[in-house]
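This is what each chain is made of:
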Amino acid sequence: MDALDLARWQFGVTTVYHFLFVPLTIGLGIFVAGLQTAWHRTGKEHYLKLTKFFGKLFLINFAMGVVTGIVQEFQFGMNWSEYSTFVGDVFGAPLAMEALLAFFMESTFLGLWIFGWDRLPKKVHLACIWAAAIGSNLSAYFILAANAWMKHPVGYEVVDGKARMTDLWAVLTNSTALAQVPHVVGAAFIVAGGFVLAVCGYWMLRRNAPMWRSAARAALVMTAVAGAVVAGTGDLSGKLLYEQQPMKLAAAEGLQHDTAGAGFSVVPGVEIPKVLSFLATNDLNATVQGTEDLQRRFEQQFGPGDYRPDPAVVFWSFRLMIGFGMATVGLSVLGLWLTRRRREFPRRLSRALVAALPLPLLAVIAGWLLSEIGRQPWTVAGELLTAASVSPGVSLAEVAVSLGVFTLLYGALAVAEAVLLTRHVREGVPEPEPAPLAEQRREPSLMY
Amino acid sequence: MIDLWFVIIAFLWTGYFVLEGFDFGVGLLAPLLSRNDAEQRQSLHTIGPVWDGNEVWLITAVGAMFAAFPAWYSGVFSAFYLQVTLILVGLILRGVGLEWRGKVRNPAWCDMAVMVGSGLPAFLWGAVFADLLFGSAVAAVLGGAFTLTVCVLHGAVFLALRTTGAIRRRARVAALAAGAAVIPVAVLALSKLGTFPALAAMAALAAATALIWRRREGWAFTATAAAIVLSTLAVFMELRVRPLPGLTLAEAASGAYTLTMLSWIGLLALPFVLLYQGWTYYVFRKRVRVAA
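Just so you know, the protein sequences line up as chains A and B, in that order.
Oh and the first sequence: position 16 is 16 in the working numbering, straight run, nothing missing.
Oh and the second sequence: position 5 is 453 in the working numbering, straight run, nothing missing.
Just a few of them, taken from the derived set where beta-carbon distance is under 8 Å, the chain B residues facing chain A:
| id | residue |
| --- | --- |
| 1 | G496 |
| 2 | A519 |
| 3 | T533 |
| 4 | V552 |
Bear in mind the hints are in silico, worked out from the structure with no lab data behind them.
No experiment lies behind these values; they were computed from the predicted model shown.
Glycine included, C-beta positions come from ideal geometry on N, C-alpha and C.
Model the full structure from these sequences, guided by the hints.
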């Protein structure tokens, strides 16, 4: 165990944890904005109640996304100083753009939304939640563009041992990023959809109010549409892997040797012939490279070393991502069918929606493990090894202390967040109020 | 181009310290000045709509350092590893404390988290910058004491400016006490820098204390803000020459292409940021009263 291992663990722990909250923020923000828009359009009281109810859950979660995100930004400098020095010129640009163009907008307008209920004109107030929600989606774009560059570096040249950007536009329109952004943002909408559905399912089991049905139907549509986007861009990502990250594709498939007309292995031993070749290239008989043959080629190209990512993690995370993701989307499509033409939600469906809560979260975790462990041993594919990226001056003890501190703190906060969310879901929405809202309370309804 | 980006980064850090400075002060003072939950809420309400946006100044400053001077960014944060870890712990505690306060059963925990989470970074940022400049433990403690007391003063003046009633009175007393504490600390800490902005910062702090005595809260706040601007300026004037031991800005800088691209984006985006953040302060310009 050395500082490198611990730094990798720290990155893994903090990133996976951060990414439990981020997708919920991305999807739920738009969902809440949609609810508030529905209230403006129809004037129906129950949309306002839903806006405030889900708004509160959104804010509890938003806090966690923000505070864990700050750690991410500093971590590159703290644990990965060699990486940061090598890539800052290219990788730093989308990060700086995120803060400047997206994050300022998100935080500022969210503050205005929380405290502006009785102080801003209704339309301006509605615009604030949209600005905040669009900000977090824009944020996702810049971060994913930076991340995509690590897997498929473009628009740069290496000068004096440092990457120098030569084309910002190429970095921002990296084919990997363009496939990854809708894939990940779509997954975020599935996570948020699954969350809303579990909450609505819980309430439909307790009390049959039409309000929950309308929210659940909206979430079903959102999840199903996002499912189509995720599946489509997932396919596209597979084709890009074939060209750009063949090692990841081979490891994800457990394919050891170059194979023409390669089959898709569902689980070890169960294989559908030729499907992998078709998925990767749209050609049934194309040759897909295998890990062992790639290893040989990489050694010739980059010198001795092991260029294969952990085969079991990559293989299984790929299957779990697809399995959990498809289960969630499948459930939402089934739900849409069962509740078509104003049919009630069957109790069994509601129960299934509650039980399915963890599935999309597990799917996105598996997705990141596939994506990030799959690119090992590189931090920047073909340019910089993970082992060469770590901070040289940082000691094992320092990384161990911060890893311990963050893990403990994150664990405690996870419990607190779960308790808070559960309690507020159980409290539900207030019963019909006697007086119109504006007269009744001067305090903002969402406040500290 | 390198100079321009150094100025932008100094500007972002200055914005961060001026804005989050009063956030930190309010977070530290609120539990001390409030006698009950309504007053605590009144105090925190003054920063409620803005603190999150204020914190983005830090995120932008650090992101800009990463993009424009990668070696500086990675050098500073790997060198001050444990200090930065503690700052992050503070910012985490503070963030969840502020956001969750109205949503938990026992808000005392959140108040404690906000207090610790405001105090840690308020002290440690000063310690990190002083250590970066002078490389000594004494300087670090002095620098930390300076930023901590300045944040308390800045926050007390802000509270006095933004509230009514008992909190406003107590905040004024707290500001006078903080002013009395900050001046000797500032003399010790800033005289190490010795430049004109450092001396002017001392004068501004003295002026702020006098102005709060004369109940000119708006002007006092302007003076504390000016003191923070001047002392940050003094620090960055030193850093300009030597951003990190053994490193020059030119060596740390990104390529001309990246800096040019970032300049265009920064120059287009920053006015909008200033505009809508300014608008936030305008929307919430009324003094915060105790909730019924």
